[in-house]
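Student: Take a look at the letters that make up each chain.
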Amino acid sequence: MINLTTTDKLQVVTGTGGASIDTMTTFLTSNSGTLSSTSTFDPATTLVNAITTATTTDLCAAPGAGIRNVKKIVIRNKHASVTETIKVVLDRSATDTELFAATLLAGEELVCNEGVWFHYDANGGVYGASLLAASDTVEGKVRYATQAEMEAASSAVLAVVPSRVKNHPGVVKAWVRATVSAGAPTMAHQFGVTSVTDAALGIMTVTFSTAFSAVNYAIFVSAERASTAYTVANIRNTNVRNASPGTGSCQAECWDQVATTSNAADPLTWYVATLGDQ
Amino acid sequence: MNSAHVALTFADGTCGVMHLVREEPIDSAFIEDNIRRSAFDADKVPVRRWAPVSPADVPADRTFRNALRYDGKAFSHCPIHSKEIALAKVRVHREPRFAALDAKRMAAGRTGDKALAARLDAEADALANLTEPVKACTTVEELKKTLQTLGVE
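Sequences listed follow chains A and B, in order.
Once you know that position 43 of the first sequence is 43 in our numbering, the rest is easy, because the numbers rise by one and skip nothing.
Plus 1000 on top of the position in the second sequence (first one is 1) and you've got our numbering.
In case anyone wonders, no lab produced these hints; they're calculated from the structure.
Warning: the hint list may mix true and false statements.
What the hints assert, rightly or not - Looking from chain A toward chain B, a few residues come up when the C-beta cut is under 7 Å (computed):
hint: 1; residue: Ala182
hint: 2; residue: Ala184
hint: 3; residue: Thr186
hint: 4; residue: Thr205
hint: 5; residue: Thr207
hint: 6; residue: Ala233
hint: 7; residue: Ile235
hint: 8; residue: Gly246
hint: 9; residue: Ser249
Said to hold, decoys possible - Here are the simulated distance ranges between beta carbons:
hint: 10; chain 1: A; residue 1: Ala211; chain 2: B; residue 2: Thr1131; range: 40 to 48 Å
hint: 11; chain 1: B; residue 1: Glu1141; chain 2: A; residue 2: Val160; range: 54 to 62 Å
hint: 12; chain 1: A; residue 1: Gln257; chain 2: B; residue 2: Pro1052; range: 30 to 38 Å
hint: 13; chain 1: A; residue 1: Tyr230; chain 2: B; residue 2: Gly1109; range: 29 to 37 Å
hint: 14; chain 1: B; residue 1: Ala1042; chain 2: A; residue 2: Thr210; range: 20 to 28 Å
hint: 15; chain 1: B; residue 1: Glu1032; chain 2: A; residue 2: Ala188; range: 23 to 31 Å
hint: 16; chain 1: A; residue 1: Leu268; chain 2: B; residue 2: Asp1043; range: 23 to 31 Å
hint: 17; chain 1: B; residue 1: Asp1043; chain 2: A; residue 2: Ala214; range: 19 to 27 Å
hint: 18; chain 1: B; residue 1: Gly1109; chain 2: A; residue 2: Ala188; range: 51 to 59 Å
hint: 19; chain 1: B; residue 1: Glu1141; chain 2: A; residue 2: Gln257; range: 22 to 30 Å
hint: 20; chain 1: A; residue 1: Pro169; chain 2: B; residue 2: Ser1076; range: 46 to 54 Å
What the hints assert, rightly or not - Chain A residues, not near chain B, derived (Cβ > 12 Å throughout):
hint: 21; residue: Thr45
hint: 22; residue: Ala101
hint: 23; residue: Leu105
hint: 24; residue: His119
hint: 25; residue: Ser130
hint: 26; residue: Ser155
hint: 27; residue: Ala156
hint: 28; residue: Leu158
hint: 29; residue: Ser181
hint: 30; residue: Ile203
hint: 31; residue: Asn216
hint: 32; residue: Tyr230
Note that the Cβ used here is the ideal one computed from N, Cα and C, for glycine as well.
Please take these sequences and the hints and turn them into a complete structure.
Tutor: Here it is, written out as structure tokens:
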């Protein structure tokens, strides 16, 4: 409830100018100097203003006598693009007391109903209480990390969405589990890999969905053997093929331990995983 | 997830088989982009041509995998390349056996056991001649059978 005495008036201070501010104030004025159950009032009165400059404007003047009870105040920025800073003050004998302040974006409005203030956005939604930033110990608002922020890997307050997990430098960018069962290479499971190629006996090319930014990424190659026997023909050694890593693909190679020169050989299953910046 | 197999004909005449996957339909542009971005040995690039194939059409036997060719219609094995592979397998197979025979032969020489030395020489000759039946083969099937007969993996 806002009650004005004969030395009080309600004003709005527009701090920026250039916007288009409409105001409306509705109030009752009592016929006596006190309010009681027997008080009588003049009919409700409404004052309106249209403000376009940085200035101070009366929302409700002081009553000549008695008490003026402000029922409703509306301050709306109807400009299409300009933001205005708004301050509502109680001017008591030329001394201002600030009651409420807000920044009204284009299309926003401030409403006071029986002394309770609401700040509406351009879509009619009411602004809520300002949340604290979330942290390890505080519940609050969070923002999703961008790709660059994921790659920086330094924030302890940003949130991670599933599609950006792969952008963290410590996360595998692409992996594949492939076989050459019955002669045809087949990706049984994969992430971030668009193709595998059986390029020759014991040589598998892996092509990534997203190219790495440089060839300084890490590759891990492993293989499942086709037998549990530890004979030289059943041993499977794996490597990254010399000079094969490119930004878009790499090659894995596999060989047995027959004789001193070894033979290129297929594993039962290929496993390749990569880490680095894409 | 869409999936496709493609036969690649490399610059050296050998072939590769590529398996591609993606959520969207697999079209020519996607296949060519994958080929362009894929790492292959220097003698295999550029890829001369590609064609979609069924995995069932790819020979399952990997004995002569590197001799595999694709003519745009079917896979086959190059007989010359297959024979080179078979000969290489025989040489790898006999290498440790030669080494073992050499050691025995030197021991026989030290002890003066001429009978043993002669038998070991005969074994070495037989080992040296292991490539002869391979050289005589005219088909890939013959090569495979000969390797089996010789106990070559």
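Student: Please go over all the hints and tell whether each is borne out by the structure.
Tutor: To see whether the hints hold, each was checked on the structure:
Here the hint on A/Ala182 is kept, as its CB sits about 4 Å from the closest CB of chain B, short of 7 Å. Interface restraint check: A/Ala184 against chain B, minimum CB-CB distance 4 Å, threshold 7 Å, status holds. The criterion of a C-beta within 7 Å of any C-beta in chain B is met by A/Thr186, whose closest approach is roughly 5 Å, and the hint holds. Taking 7 Å as the C-beta cut-off, the interface hint given for A/Thr205 holds, the closest approach to chain B being about 5 Å.
With a cut of 7 Å, the hint placing A/Thr207 at the interface with chain B holds, because the nearest CB-to-CB distance is about 5 Å. Checking A/Ala233 against chain B by beta carbon gives a least distance of about 5 Å; that is within 7 Å, so the hint holds. For A/Ile235, the interface hint is violated, since its Cβ never comes within 7 Å of a Cβ in chain B; the closest pair sits about 12 Å apart. About 5 Å separates the beta-carbon of A/Gly246 from the nearest beta-carbon of chain B, less than 7 Å, and the hint is met.
Interface hint at A/Ser249: satisfied, since its Cβ lies 4 Å from the closest Cβ of chain B, which is below the 7 Å cut-off. Taken as a hint, the range 40 to 48 Å holds for the pair A/Ala211 and B/Thr1131, whose Cβ atoms sit roughly 46 Å apart. The hinted range of 54 to 62 Å is satisfied by B/Glu1141 and A/Val160, whose Cβ atoms lie roughly 58 Å apart. Against the hinted window of 30 to 38 Å, the Cβ-Cβ separation of A/Gln257 and B/Pro1052 comes to about 37 Å, which satisfies the hint.
Separation of A/Tyr230 from B/Gly1109 is about 35 Å and conforms to the stated range, judged on CB atoms against 29 to 37 Å. As the Cβ distance of B/Ala1042 to A/Thr210 is approximately 25 Å, the hint placing it in 20 to 28 Å holds. Between B/Glu1032 and A/Ala188 the CB atoms are about 25 Å apart, so this pair conforms to the stated range of 23 to 31 Å. At roughly 28 Å, the beta-carbon separation of A/Leu268 and B/Asp1043 lies within the given 23 to 31 Å, and the hint holds.
Taken as a hint, the range 19 to 27 Å holds for the pair B/Asp1043 and A/Ala214, whose Cβ atoms sit roughly 26 Å apart. Between B/Gly1109 and A/Ala188 the beta carbon distance is about 56 Å. The supplied range of 51 to 59 Å therefore holds. At roughly 29 Å, the beta carbons of B/Glu1141 and A/Gln257 sit within the given window of 22 to 30 Å. Distance hint check for A/Pro169 and B/Ser1076: the Cβ-Cβ separation is about 47 Å, which falls inside the suggested range of 46 to 54 Å.
In this structure A/Thr45 is separated from chain B by more than 12 Å, as the shortest Cβ-Cβ distance comes to about 66 Å. For A/Ala101, the requirement that its beta carbon stay farther than 12 Å from each beta carbon of chain B is met, with the minimum near 52 Å. At the 12 Å boundary, the C-beta of A/Leu105 stays outside the reach of chain B, the nearest C-beta of that chain being 40 Å off. Interface exclusion of A/His119 from chain B stands, the closest Cβ pair being 44 Å apart, more than 12 Å.
A/Ser130, annotated as away from the interface, keeps every beta carbon of chain B farther than 12 Å; the closest lies near 41 Å. Consistency note on A/Ser155: stated as away from chain B, and its beta-carbon is indeed over 12 Å from all of that chain's, at 31 Å minimum. With 12 Å as the threshold on Cβ separation, the claim that A/Ala156 sits away from chain B holds: the shortest Cβ distance comes to roughly 34 Å. Under the 12 Å C-beta cut-off, the non-interface status given to A/Leu158 relative to chain B holds; the minimum distance is some 28 Å.
Residue-level check failed: A/Ser181 sits 8 Å from the nearest beta carbon of chain B, not beyond 12 Å. Here A/Ile203 does not stay apart from chain B, with its beta-carbon only about 8 Å from theirs, under the 12 Å limit. At roughly 15 Å from the closest C-beta of chain B, the C-beta of A/Asn216 stays outside 12 Å, upholding its exclusion from the interface. Chain B leaves A/Tyr230 outside its interface by the beta-carbon criterion, the shortest separation being 15 Å against a cut-off of 12 Å.
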